[in-house]
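Asks: Single-letter residue listing:
Number of protein chains: 2
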Amino acid sequence: MTPTITAFESSPDRGRGLARDMRVRWALEEVGQPYEVRFVSFREMKEPPHLALHPFGQIPTYEEGDLALFETGAIILHIAQRHTGLLPQDANARARATAWIFAALNTVEPPIVEREQTRYAEGDKPWHEARRPLLDGRVRRRLDQLSSRLGDADWLDGEFSAGDLLMVTVLRRLEGSGIVEEYPNLSAYVARGQARPAYKRAFDAQLAVFTAASSR
Amino acid sequence: MTPTITAFESSPDRGRGLARDMRVRWALEEVGQPYEVRFVSFREMKEPPHLALHPFGQIPTYEEGDLALFETGAIILHIAQRHTGLLPQDANARARATAWIFAALNTVEPPIVEREQTRYAEGDKPWHEARRPLLDGRVRRRLDQLSSRLGDADWLDGEFSAGDLLMVTVLRRLEGSGIVEEYPNLSAYVARGQARPAYKRAFDAQLAVFTAASSR
Chain A
1 MTPTITAFES SPDRGRGLAR DMRVRWALEE VGQPYEVRFV SFREMKEPPH
51 LALHPFGQIP TYEEGDLALF ETGAIILHIA QRHTGLLPQD ANARARATAW
101 IFAALNTVEP PIVEREQTRY AEGDKPWHEA RRPLLDGRVR RRLDQLSSRL
151 GDADWLDGEF SAGDLLMVTV LRRLEGSGIV EEYPNLSAYV ARGQARPAYK
201 RAFDAQLAVF TAASSR
Chain B
217 MTPTITAFES SPDRGRGLAR DMRVRWALEE VGQPYEVRFV SFREMKEPPH
267 LALHPFGQIP TYEEGDLALF ETGAIILHIA QRHTGLLPQD ANARARATAW
317 IFAALNTVEP PIVEREQTRY AEGDKPWHEA RRPLLDGRVR RRLDQLSSRL
367 GDADWLDGEF SAGDLLMVTV LRRLEGSGIV EEYPNLSAYV ARGQARPAYK
417 RAFDAQLAVF TAASSR
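Protein sequence lines correspond, in order, to chains A and B.
Each residue of the first sequence is one higher than the one before, counting from 1 in this note's numbering.
Each residue of the second sequence is one higher than the one before, counting from 217 in this note's numbering.
Isolated chain A (complex conformation):
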């Protein structure tokens, strides 16, 4: 059964692949699972039919037969558990890869989101500039620790896993800030993720949505 995911009808990042559907697309490409995409507008995301799928009115969602899922982490874990290619076979190694999924989403991403959304939510406030070093510092503290742990390894724990997939997409949210570039091993890690054929297919697919919309 072909799953259906949701994505922004009009990508706020102009096809840079930073929206969360990119994460699910990449996971589906890694395991070779074809999928359908249903596009939703910002208005539709806050209306009852979409809220029935996603109580917090976000994308992506995932529908497959009787199953409807929300939360990118849960969707990717579901895909990873049901296919080969995103989690190791060994039970302990699988549990550790799952820890990296949570680390990417719960420990590394929150200060990155906070730094990013302050521009939209508080960019016009008098304290905006004064708070920047504090927000940057919180991001760097996590990247210091992540960089120390990665060292000169290719991936966070053995083979490429769903944990790496999420960590790479989380770090990509810092594009343009120059912060990841302060850590050569993290820059190389992100580039290694982006060089994967499955990443490229997923990226091209989401870019095509933006290109088609902007040529209409």
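Hints are computed from structural coordinates only; laboratory data are not their basis.
Don't take each hint at face value.
Which chain A residues stay away from chain B? Per the calculated CB distances, all over 12 Å, these [unchecked claim]:
| id | residue |
| --- | --- |
| 1 | THR2 |
| 2 | SER10 |
| 3 | ARG14 |
| 4 | ALA68 |
| 5 | ALA93 |
| 6 | THR118 |
| 7 | SER147 |
| 8 | ARG172 |
| 9 | GLU175 |
| 10 | GLY176 |
| 11 | GLY178 |
| 12 | SER187 |
| 13 | ARG192 |
| 14 | ARG201 |
| 15 | ASP204 |
| 16 | ALA205 |
Some chain A residues judged to face chain B by a derived CB distance under 7 Å, without partners named [said to hold, decoys possible]:
| id | residue |
| --- | --- |
| 17 | ASP66 |
| 18 | THR84 |
| 19 | GLN89 |
| 20 | THR98 |
| 21 | ALA99 |
| 22 | THR107 |
| 23 | PRO110 |
| 24 | LEU143 |
| 25 | ASN185 |
| 26 | LEU186 |
By construction, the Cβ of each residue, glycine as well, lies at the ideal position given by its N, Cα and C atoms.
Take the given structure of chain A and dock chain B to it, following the hints.
Replies: Structure of chain B alone, referenced to chain A:
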């Protein structure tokens, strides 16, 4: 094999059970798994032996034979997958319960943490008071959505699950703010979680650590 978790040697919340070891204790109590606790000081948490277990220098960690795990969400999912009592049997219902684990940690908790830590990190800044309505508003937006979804159900999706366990502990972080009390169904939901015998055993165990330390 009895697992060992880590917890703060000296609880910053004075035994109120808001530290993340409480979440893992509760999960272990729900499934009836005995456990050991190793206490770490704030200094030890940032030193190499603990960083080898937890790359971001936090608690809790989880050790069981050859397995060492970090990230509360991953630890609880590991416990839930290996025992009965924290996830439904049906595969689709299990995936949905997992979505609530991620929703608690990734969607509901981040604005709550942000609201909380701004007091410590920015309590002395001139903008602190002016930002409070904005931070409270972000928390209320998520609680509006959560309250709508919960409705008059006892738990988020059928029987009590690891998703409820995490959501209850996340909402407890708002204690004293008066915000949860604005949502009678969420207040009742938190109380329902706290009334579970496994919750009480976990709470008493972490409180005993504080009581013993303060009587020394």
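Asks: Taking the hints in turn, state whether each one holds.
Replies: Here's how the hints hold up against the structure:
1. THR2: Check passes; 17 Å lies beyond 12 Å.
2. SER10: Consistent with the label, SER10/A stays out of reach of chain B, its closest Cβ about 22 Å off (over 12 Å).
3. ARG14: holds (25 Å)
4. ALA68: violated (8 Å)
5. ALA93: Incorrect as stated: the minimum Cβ-Cβ distance to chain B is 9 Å, not above 12 Å.
6. THR118: Contrary to the label, THR118/A does not stay out of reach of chain B, its closest Cβ about 10 Å off (not over 12 Å).
7. SER147: Non-interface label fails for SER147/A: nearest chain B Cβ at 10 Å, not farther than 12 Å.
8. ARG172: Given that every Cβ of chain B is farther than 12 Å from that of ARG172/A, nearest at about 17 Å, it holds.
9. GLU175: Consistent with the label, GLU175/A stays out of reach of chain B, its closest Cβ about 21 Å off (over 12 Å).
10. GLY176: Its Cβ never comes within 12 Å of chain B, the nearest being 22 Å, so this holds.
11. GLY178: holds (23 Å)
12. SER187: The claim holds: SER187/A sits with its nearest Cβ about 18 Å from chain B, beyond 12 Å.
13. ARG192: Correct as stated: the minimum Cβ-Cβ distance to chain B is 19 Å, above 12 Å.
14. ARG201: holds (25 Å)
15. ASP204: Non-interface label stands for ASP204/A: nearest chain B Cβ at 27 Å, farther than 12 Å.
16. ALA205: holds (24 Å)
17. ASP66: Holds. Min distance 6 Å.
18. THR84: violated (18 Å)
19. GLN89: Because about 15 Å separates GLN89/A from the closest Cβ in chain B, which is outside the 7 Å limit, the hint is violated.
20. THR98: holds (5 Å)
21. ALA99: For ALA99/A, the interface hint holds, since the closest Cβ of chain B sits about 4 Å away, which is under 7 Å.
22. THR107: holds (5 Å)
23. PRO110: Where the cut-off is 7 Å and the nearest Cβ of chain B is about 5 Å from PRO110/A, the hint holds.
24. LEU143: Cβ of LEU143/A sits 11 Å from chain B, so the hint is violated.
25. ASN185: Since the shortest Cβ distance to chain B is 14 Å, the answer is violated.
26. LEU186: Interface hint status for LEU186/A: violated (13 Å vs cutoff 7 Å).
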